[in-house]
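Peer 1: Given next are the chains, with one letter for each unit.
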Amino acid sequence: KAGVTQTPRYLIKTRGQQVTLSCSPISGHRSVSWYQQTPGQGLQFLFEYFSETQRNKGNFPGRFSGRQFSNSRSEMNVSTLELGDSALYLCASSPGHSGGNQPQHFGDGTRLSIL
Amino acid sequence: TQLLEQSPQFLSIQEGENLTVYCNSSSVFSSLQWYRQEPGEGPVLLVTVVTGGEVKKLKRLTFQFGDARKDSSLHITAAQPGDTGLYLCAGARNRDDKIIFGKGTRLHILP
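Residue numbers (this note's numbering), protein chains in the order written: chain A, 1 to 115; chain B, 1 to 111.
Quick caveat, the hints were computed from the structure, so don't treat them as lab data.
Computed from a predicted model, the values in this text were never measured in an experiment.
Glycine included, every Cβ here is placed at the ideal spot set by N, Cα and C.
One thing to keep in mind: the hints can contain errors.
Claimed, not checked - As a list, the in silico SDA-like pairs of lysine to any residue whose alpha-carbon atoms are at most 25 Å apart:
hint	chain 1	residue 1	chain 2	residue 2
1	B	Lys98	A	Asn77
2	B	Lys98	A	Ile26
3	B	Lys70	A	Gln44
4	A	Lys57	A	Pro8
5	B	Lys59	B	Lys98
6	B	Lys98	A	Gln17
7	B	Lys98	A	Ile12
To be verified - Cβ-Cβ distance ranges computed for the label pairs, FRET-style:
hint	chain 1	residue 1	chain 2	residue 2	range
8	A	Arg63	B	Gly53	37 to 45 Å
9	B	Glu17	A	Ser22	25 to 33 Å
10	A	Gln41	B	Gly53	43 to 51 Å
11	A	Gly62	B	Leu110	21 to 29 Å
12	A	Phe60	B	Asn94	18 to 26 Å
13	B	Gln9	A	Phe60	19 to 27 Å
14	A	Thr20	B	Glu41	28 to 36 Å
15	B	Gln14	A	Gly62	16 to 24 Å
16	B	Thr62	A	Asp108	39 to 47 Å
17	B	Asp97	A	Asn71	23 to 31 Å
Said to hold, decoys possible - To spell it out: a stretch of chain A is covered by chain B in this simulated footprint if at least three of its residues, at any positions, have a beta carbon under 8 Å from a beta carbon of chain B; those stretches are:
hint	segment
18	67-80
19	104-115
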């Protein structure tokens, strides 16, 4: 069974640009969550999508947005990039809504570097 | 304020030694999960604990959920170099809540 696939693996952008990251969940999984991981803050929750609807949102500015398609694939977009957006962006999928006991299956992330 | 506090932040020990890492909170969690993350990869789920006082074993790893469901520990017996990695605890306070992660314990086992 294929795991969670994130593309691209690495990305270099400059300040002010925008970026779109993609996540393909495990087949049959309907929930996709996005996280930002940095050495100082650890893993921070961005948002969760379930059946194309945003179910939960973390404390990030409106420059961070996402969406989910009918095939459960998800994208996240960051506009007006800032130096502090440099991080590893992780996507995780689970069969149902990710609250409670649902195990999360992570992809290997997209490493975003802002110059 | 970090909702899930993990300690220690870093731990470096010799192969064969035992160790315990902790995950603490002032809040009650409906469940806690432990993940291990290796460089260049995403976290991989090790275990989920649900019931207060629950103990789960995974080979040389023993996970315990506190009676009050506010804390958890991971004990590794006879650590091996393959145990090296970042250990993360995560939990949701209720069924509809987002999952929160601690900052992790970075473990290094010296051969």
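Peer 1: So, for every hint listed, does it hold in this structure?
Peer 2: Hints versus structure:
Restraint check: the Cα-Cα separation between Lys98/B and Asn77/A comes to about 20 Å, which is no more than 25 Å; the hinted pair holds. Distance restraint check for Lys98/B and Ile26/A: the Cα-Cα separation of roughly 20 Å lies within the 25 Å cut-off, and the hinted pair is therefore satisfied. Of the supplied pair hints, the one linking Lys70/B and Gln44/A holds, its CA atoms being roughly 20 Å apart against a limit of 25 Å. Between Lys57/A and Pro8/A the CA atoms are separated by roughly 23 Å; this keeps the pair inside 25 Å, and the hint holds.
Proximity of Lys59/B to Lys98/B is assessed by CA-CA distance (about 30 Å); at most 25 Å being required, the pair is judged violated. Simply put, Lys98/B and Gln17/A have alpha-carbon atoms about 29 Å apart, too far for the 25 Å limit, and the pair is violated. Straight-line distance between C-alpha atoms of Lys98/B and Ile12/A comes to about 29 Å, which puts the hinted pair past the 25 Å bound. Checked against the hint of 37 to 45 Å, the C-beta distance between Arg63/A and Gly53/B comes to roughly 44 Å, which is consistent with it.
Roughly 43 Å separates the CB atoms of Glu17/B and Ser22/A, a value that falls outside the hinted 25 to 33 Å. Checking the proposed 43 to 51 Å range against Gln41/A and Gly53/B shows it is violated: the Cβ atoms sit about 32 Å from each other. Taking the beta carbon of each, Gly62/A and Leu110/B are about 46 Å apart, not inside 21 to 29 Å as hinted. Phe60/A and Asn94/B have their C-beta atoms about 22 Å apart, which keeps the hinted 18 to 26 Å range intact.
Evaluation of the 19 to 27 Å hint for Gln9/B and Phe60/A yields a pass: the beta carbon distance comes to about 24 Å. Taking 28 to 36 Å as the suggested C-beta distance range, the pair Thr20/A and Glu41/B does not conform, at roughly 23 Å. Evaluation of the 16 to 24 Å hint for Gln14/B and Gly62/A yields a failure: the beta carbon distance comes to about 49 Å. In this structure, Thr62/B and Asp108/A break the distance hint of 39 to 47 Å, their C-beta atoms being roughly 28 Å apart.
Separation of Asp97/B from Asn71/A is about 27 Å and conforms to the stated range, judged on CB atoms against 23 to 31 Å. Restraint check on the segment 67-80 of chain A versus chain B: 0 residues with Cβ-Cβ distances below 8 Å, three needed, restraint violated. Note: the segment 104-115 of chain A has 6 residues with beta-carbon separation from chain B under 8 Å; the three-residue rule is met and the coverage holds.
Comparing the model with each earlier hint shows violations of hints 5, 6, 7, 9, 10, 11, 14, 15, 16 and 18; every other hint is respected.
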